[in-house]
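Q: Here is how the chains run, residue by residue.
Number of protein chains: 2
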Amino acid sequence: MSLKLTILGCHSATPRVNAHPTSQFLEIKNHNFLIDCGEGTQVQLRKYGIKFSKIKHIFISHLHGDHIFGLVGLISTFRLLNRESELHIYAPKGLKEIITVQLKLSNSWTHYPLYFHELTSTKSELLFEDNKVEVHTIPLKHRIYTNGFLFKEKIGERKLNMNAIVNHKEIETCDYQNLKIGRDFKLQNGTVLENETLTFEPLKPISYAFCSDTSYFPEIIPIIKNVNCLYHETTFLNDKEELAATTKHSTAKQAASIAKQATVNQLIIGHYSGRYKNIDDFKTEAQEIFENTFLAEAGKVFEIN
Amino acid sequence: MSLKLTILGCHSATPRVNAHPTSQFLEIKNHNFLIDCGEGTQVQLRKYGIKFSKIKHIFISHLHGDHIFGLVGLISTFRLLNRESELHIYAPKGLKEIITVQLKLSNSWTHYPLYFHELTSTKSELLFEDNKVEVHTIPLKHRIYTNGFLFKEKIGERKLNMNAIVNHKEIETCDYQNLKIGRDFKLQNGTVLENETLTFEPLKPISYAFCSDTSYFPEIIPIIKNVNCLYHETTFLNDKEELAATTKHSTAKQAASIAKQATVNQLIIGHYSGRYKNIDDFKTEAQEIFENTFLAEAGKVFEIN
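Protein sequences, first through last, are from chains B and W.
Under my numbering, the residues of the first sequence are numbered 388 to 692, in order.
Under my numbering, the residues of the second sequence are numbered 388 to 692, in order.
Please note that a few of the clues may not be correct.
Since the list can't tell identical chains apart, any single copy or any two copies may satisfy a pair.
Unchecked claim - Distance condition first, Cα-Cα at most 27 Å in a straight line; then the derived DSS-like pairs of lysine-lysine:
hint: 1; residue 1: Lys-664; residue 2: Lys-434
hint: 2; residue 1: Lys-664; residue 2: Lys-627
hint: 3; residue 1: Lys-687; residue 2: Lys-434
hint: 4; residue 1: Lys-491; residue 2: Lys-635
These are calculated hints, taken from the structure and not from any lab test.
My request is simple: use the sequences and hints to build the entire structure.
A: Encoded structure:
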């Protein structure tokens, strides 16, 4: 099982020539999820060759501009591209009003079905689920109502142990599906072959937690415990710990501390304040606490197997 | 007298990697006007080194996304840059609602005075005036309520003819201002020196007309007659004349015809549809009718003296 994450933007506050606000494109199983949509996201999608038609679900963490100002443009572009398929947007309450007032006043209603799933709960909730993937909110602590998102593969089917199966002529191809879902096999002589002797454990499901923006907020740890990959904002370095607290953001040190406590496998950091010229300093600070830390950068692709 | 126009974006519909939607920065007298504000305009301003603090007046032609989706981001960035000076926005009715709903729901009110001047008239009206410059609307014909804008220098003071003045000892420095505003000079012996013998005509005032988006609409000609520079949209080439009519846009041929009929000095074209790979074709088509045609391109600066 695998997951592919493309960073479209990872800087805070205002878009600049080489600093794009938050947006990520996540491929997990057969799903393609867009997470947050700062101004210019649609240009970043084009730049990195991501087909617009792939996107069917958009998750918005909160209503600050650096996370949503690119959304109405993307929605409008879908219309100009003659999109017909449904688009689902999961976002804090208010986003529907923001988008619809613009579509109404510009007389540019979408021709495709557009669904808003507005969020208000401060407890983690299931937003999306099918037989392969589920998405939950991660309530965060920011200046306005904000959620992170936990993307989890479901446990898949067991893998056939063909070397064992071929020793039993009675097992036919039509029996394989029952073996994959864990059933034992009963021979005609009454002997029961236990499933574990005929199959291997399913691949371990992959999980990804996206957390932006938030104060240092250890309450999220039970939700993100042991995820394969955690994205956690690091607007500031430790030199601005007080400013981080005031503006309800995190430092690199705090993000790394969350990663360590949640025993995640890998940490990606981003949402850098424009005041820092060298983003490597974020990595250095985080790695003092959590070694397996990586810097988000526009265009960077993380593949997690 | 002179005018400097910087093209920030000149493509229609959707922003792409090298195709930015409409925005222009106009320097005329001591004023700095931003005209339209498609998504990504603030990045274009940074790219071309234009100081954000210079902008005090923004003119918005209409509420289609490719002309406004960058505005809320720019307004928010002004706040983050701790702007204190007034910002005036002249735009069709509805823009205030679009902007304020976003500022309200993101809890990001501006700390500086923000004034909306909402437009509804279908007749040309004076929007802004001081002792040097005036700005009028140019009602256009598009799918939604749309105005172009006419920026005009006022006639300046007469220029002193120092070679003539030095022949008259009685004329002192304190008299110069009266000469500049056209008064005759009376010598002590009663002789009247006519102003024309002591001064030259003032420099011819410069004018710029911005027209985007619009059908072919000759009704604008009396308003833009003899301007130094006309920007006129050319979304399509003549091969798509019917589509231009349907979508209420213009072809290069039609823009050139307007320029010719209005006997303007110079035509700039832009707002190219993404379907055309070579924008030189727009220039070729326009120049068959109006020779002094130039292509708008992001970053291009037009200086008109």
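Q: Within a copy, between copies, both or neither: where do Lys-687 and Lys-434 come within 27 Å Cα-Cα?
A: Both, since 12 Å and 23 Å are each at most 27 Å.
Q: At most 27 Å between C-alpha atoms: does Lys-664 with Lys-434 qualify within a copy, between copies, both, or neither?
A: Intra 24 Å, inter 18 Å, cutoff 27 Å: intra and inter.
Q: For the identical chains here, do Lys-491 and Lys-635 meet the 27 Å Cα criterion within one copy, between copies, both, or neither?
A: between (34 Å within a copy, 19 Å between copies)
Q: With identical chains, the pair Lys-664 and Lys-627 could be close in the same copy or across copies; at 27 Å between alpha carbons, which is it: within, between, both, or neither?
A: within (15 Å within a copy, 49 Å between copies)
This entry satisfies every hint, going by the numbered hints stated previously.
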